[in-house]
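Dock chain E against chain Z, hints included.
From first to last, the protein sequence lines stand for chains Z and E.
Count the first sequence with this note's numbering and you get residues 40 to 152, in order.
Count the second sequence with this note's numbering and you get residues 913 to 1029, in order.
Hint data in this document are derived by calculation from the structure and do not stem from the laboratory.
Note that the structure is predicted; figures quoted are calculated from it, not measured.
Just so you know, not all the hints are guaranteed correct.
Simulated restraints, written as ranges between beta carbons of each label pair [stated by the list, open to error]:
no.: 1; chain 1: Z; residue 1: Ile92; chain 2: E; residue 2: Thr943; range: 25 to 33 Å
no.: 2; chain 1: E; residue 1: Gln995; chain 2: Z; residue 2: Pro57; range: 38 to 46 Å
no.: 3; chain 1: E; residue 1: Pro952; chain 2: Z; residue 2: Thr42; range: 12 to 20 Å
no.: 4; chain 1: E; residue 1: Glu956; chain 2: Z; residue 2: Ser116; range: 16 to 24 Å
no.: 5; chain 1: E; residue 1: Glu968; chain 2: Z; residue 2: Trp46; range: 37 to 45 Å
Ideal placement from N, C-alpha and C gives every residue a C-beta, glycine not left out.
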Amino acid sequence: SQTIHQWPATLVQPVGSPLSLECTVEGTSNPNLYWYRQAAGRGLQLLFYSVGIGQISSEVPQNLSASRPQDRQFILSSKKLLLSDSGFYLCAWSPRVGNTEAFFGQGTRLTVV
Amino acid sequence: AQKVTQAQTEISVVEKEDVTLDCVYETRDTTYYLFWYKQPPSGELVFLIRRNSFDEQNEISGRYSWNFQKSTSSFNFTITASQVVDSAVYFCALSEAVTSGTYKYIFGTGTRLKVLA
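Here chain Z stands alone, though its shape is the one from the complex (with noise of 0.2 Å):
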């Protein structure tokens, strides 16, 4: 069966400091990849998804960027962060044959401080 592994699961980080989020799944091959971000009390917002190693789009202008080096590991960073860049990051994936569901990671509470 497919997992999805995201970490941490807590993050607190001063202003200015650089990120990364790790996110791999198992059990599935050239899955598609998505980060979402989800604000305190918002809905969720669609970052960077990925379709395949070294492709990455992006939705949304920001601080952030994310990088796919493996077939099933996909990486959220930030070069210095910003007090807007808080909030909860999910990581989901999907098959790339279908119009199937997403599955989603535990996510990750990030704040910056």
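For chain E alone, coordinates are given in the frame of chain Z:
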């Protein structure tokens, strides 16, 4: 552009009451999928249902039921005899094709349901 609207920000009901969560969508695609997810306090999104745009039959799963009406672009979710464990944020979502085999998921802003004992 694709859009999902969940006009109800927060709903409070007393246990055993029925409650309906509304979802209205906009899409230019002729084929699409609609979804409902549940987000309990732990934060993880739990998939509840997927509905194909060509299938307008209502679906029932235990205390949960879904009413898909293409004519009004709505996909509403009803919980019958609500329980405290149903307390969560519920998201409606719409798929948008970006390439062959790849879809984006457009989410509404969610409805927070509080079921009071």
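To see whether the hints hold, each was checked on the structure:
no.	hint	result
1	Z:Ile92 - E:Thr943: 25 to 33 Å	holds (28 Å)
2	E:Gln995 - Z:Pro57: 38 to 46 Å	holds (44 Å)
3	E:Pro952 - Z:Thr42: 12 to 20 Å	holds (19 Å)
4	E:Glu956 - Z:Ser116: 16 to 24 Å	holds (23 Å)
5	E:Glu968 - Z:Trp46: 37 to 45 Å	holds (41 Å)
No hint from the list above goes unmet by this structure.
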